[in-house]
Amino acid sequence: MAVIAVEDFEREAPVAPPGGAGGRLRRHMGSLLFLVPAAIWLLAIVVYPVVATVRYSLFNETATKYVGLNNYKSIFSTNSILLTFRNNVIWVLVFPFFVTFIGLTLAVLSERIRWSTAFKTIIFMPVVFSLTASALVWRTIFDTDPHVGVVNALIMTVHDWFSPPGAYPVDTSAGQTVASLASTGLRPGPHGTLLSTSTVSPGRTIELGMIGITPATLTALNAQRAAAPSPTPGAVTGLVWRDFSPSHPGAKGKVFPDEVGLPKIRLALVRATGGTAATTSTAANGQFTFSHVGAGAYRVQIQSSNFTAAFTGVFWLGTKSLTPTGQLSQTEQALLSVPLVDVAMIIAYLWVWAGFAMVVIGAGLAALNREVLEAARIDGATEWQTFRRVTVPMLMPVLIVVFVTMIINVLKIFDIIINMPPGSSQGDANTLALAMYNFGFGNGVHTGLASALAVILFVLVVPAMLWNLKKIKG
Amino acid sequence: MTSVAATGEVPGGGAAGLGRAALRRLRPSRWVINLVLVVVGAFWLLPTVSLLIISLRPEGLFTTSGWWQVFTIPSQLTLHNYKVLFSNGLAPGQVLDSLVTSLLITVPATILVTTVASLAAYSLVFGRWRGRTTIFLVVVGLMVVPVQVGLIPVTRLYRDMGSWIGWNPFGTIPGVIIFHVAFGLPFGIFLMRNFFMGIPLDLLEAGRIEGANEWTLFLRVVLPLGLPAIASLAIFQFIWVWNDLLVALVFLGGNSHQPLTIFMFDQIRTFSASYWEISTGGIVSIVVPLIVFFAFQRYFVRGVLAGAVK
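Order-wise, the sequence lines are chains A and B.
The numbers in my numbering rise by one with no breaks, and the one at position 414 of the first sequence is 414.
The numbers in my numbering rise by one with no breaks, and the one at position 226 of the second sequence is 226.
Keep in mind that the hints were calculated from the coordinates and are not lab data.
For glycine and all other residues, C-beta sits at the position ideal for the given N, C-alpha and C.
Check each hint, because a few of them may be wrong.
Which stretches of chain B does chain A cover? Using the computed rule of at least three CB atoms under 8 Å from a CB of chain A, they are [stated by the list, open to error]:
no.	segment
1	55-68
2	116-126
Some chain B residues near chain A, calculated using beta-carbon distances under 8 Å [stated by the list, open to error]:
no.	residue
3	39
4	41
5	50
6	239
7	265
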């Protein structure tokens, strides 16, 4: 069981041993001596530092001058430190609940399978890994590049299924626009398309010039030299080309011999009255043909699918906030934003600790009184009712132990924060424990601030300490 | 949880029968639970497996295709990254040196915690001095003290020791060990005391009447009986210290020998996204705790259960 019941505290004084006062004293000394190493160790390295840290927290950055509560004041008035409280609050509010919930679910389900030992071992394994290694694992999983990070790879698969990337991607999030690609005979059309400025009828040709296409794109598409189209009876023919000549950089609107056609552009022939008459795409030299077209005036449309940007990956370990914070002041942002990197880290941390929660809760389950559960079933309670009304209430003490343990754990969270987010996100992912380390031992050491943060951390775990004591005293 | 559970029973008509059948259907069948847990298990295993695969794929493939391609093209796997990792042998700052450093920190810290905690717990349980309860409650209170509280004062204490006794443990392996032992003791004493409470006093009294001293009783009676608890504590402590980053980061600063966690920490900082390079160190670092865990799984879990409050 998780909570080891502490039986009789001090047993009755044993019968006085023979041998008189001297022997008794020696005996007392004997067992007291056993306590000495532990006592010295704890007094010097645990108890004394608690006092010393409180004292340092009232001193300046080099611990040479008394500054009163100034360190605490600057902690609560500096945005970059205030946000560590925000992150600690996010962790405390979200993590213990989810890890207990997952642990409970897995513990209950794994009771029903034959291979529960193997299952529990698999789930528990990450508990024995260093958090540094786990941070590394999840750094790769959440990597922005869809060729590296499996999460973004999955999203890319779904993304490409619904909107396959075009040959000429335009990254609107980077400020590029489709309209800026129009050079000759083109104007922006509806829904991210480009439309010919003039109309064309069968037997005539049309030339459409685009700019802003990178040489790398052209090489990849194996673009050939642009050739002027020839008129064909009953068909609309034309050319889409790159309206940029290295030999005549300033001249637009004319097809020069050193200009290339734009291959694989998806086109639609649009009636002046609306509606699509035909579709086609350009050849390697940029030429296209709409054959067997009825008489009339048409415009040529370059479809929006040509410009669909490829999925470049979500920056999971970035600082984009889940809460809208654009209108807020700096301080409000520090207190209220929820950076995406926190979510990624919480997921990683759930993977680490769910096994712990499952094993502790599983031990509690195993110790439950089976007769009560059987009685509930015999009385006609459903599986869910038994779980909700009997199992969970009986497990409550164990669930609370897991919950409190995890609160203490995330209050002190450090390894994941220092290792998982890239440098650019570290400031926004910062927590009390990491800030304490950075002020104490990073660049620009400030012993006073670091000690004050350690004191705050200590004060935050005091309720848990008292709860522990109360529980053990029974 | 609703699921399509094939109960195979046809409701025998009548309102009551229908109700029963509907309720039965709410019970997820064994088959569904098995399937769900297979998926969950695979999901839990995958991150570790992916790190292993990344460490076994060549650099050239890294930016062009994901590690999951291995499932279709297993011939991609190579030990090249590991050859690079181990090529510099035991030179300081290399992975093998870090492996040795980790052991040099972890093994003594583990032995010291188990020894000192067992002695203290013996005194708390079998001693005959007053105030044992109070001392024990103080120890329980110390269990949740964050290590952060100790870092700055102990750094300064170490420095002062340099001027007092001419030995400054800061930046040395013993300095790291001393700190680990101190913060491992409260839990160690707690665990050992709870175990010793189960040893019948009569056993000791018999020895005492025979005239055995406390040391003999500790070595000959209590220690052999307490072996399972000692194993739990030792394994728990081993994994705890092995995986520590913060304490080594602070107290081993400036030393040319660094444990594996710091080796990885440095690699992550230096090579950022060159995962094929970093992942090898990650795999090396998890192998040792995995071996310990699989060899002594039962004891470790027992330690975890007892330490649910730490």
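Hint-by-hint comparison with the structure:
Counting residues of the segment 55-68 of chain B whose C-beta sits closer than 8 Å to any C-beta of chain A gives 7, which meets the bar of three, so the coverage hint holds. For the segment 116-126 of chain B, the stated coverage by chain A holds: 8 residues have a C-beta nearer than 8 Å to a C-beta of that chain, and at least 3 were required. For residue 39 of chain B, the shortest C-beta to C-beta distance to chain A is roughly 11 Å, which exceeds 8 Å, and the interface hint is violated. The restraint placing residue 41 of chain B at the interface with chain A holds, with a minimum CB-CB distance near 5 Å, inside the 8 Å limit.
Against a cut-off of 8 Å between C-beta atoms, the interface hint on residue 50 of chain B holds, since the closest Cβ of chain A lies about 7 Å away. For residue 239 of chain B, the interface hint holds, the least distance from its beta-carbon to any beta-carbon of chain A being 5 Å, beneath 8 Å. At its closest, the beta carbon of residue 265 of chain B sits 6 Å from a beta carbon of chain A; the interface hint therefore holds under the 8 Å criterion.
Consistency note: the structure conflicts with earlier hint 3 alone.
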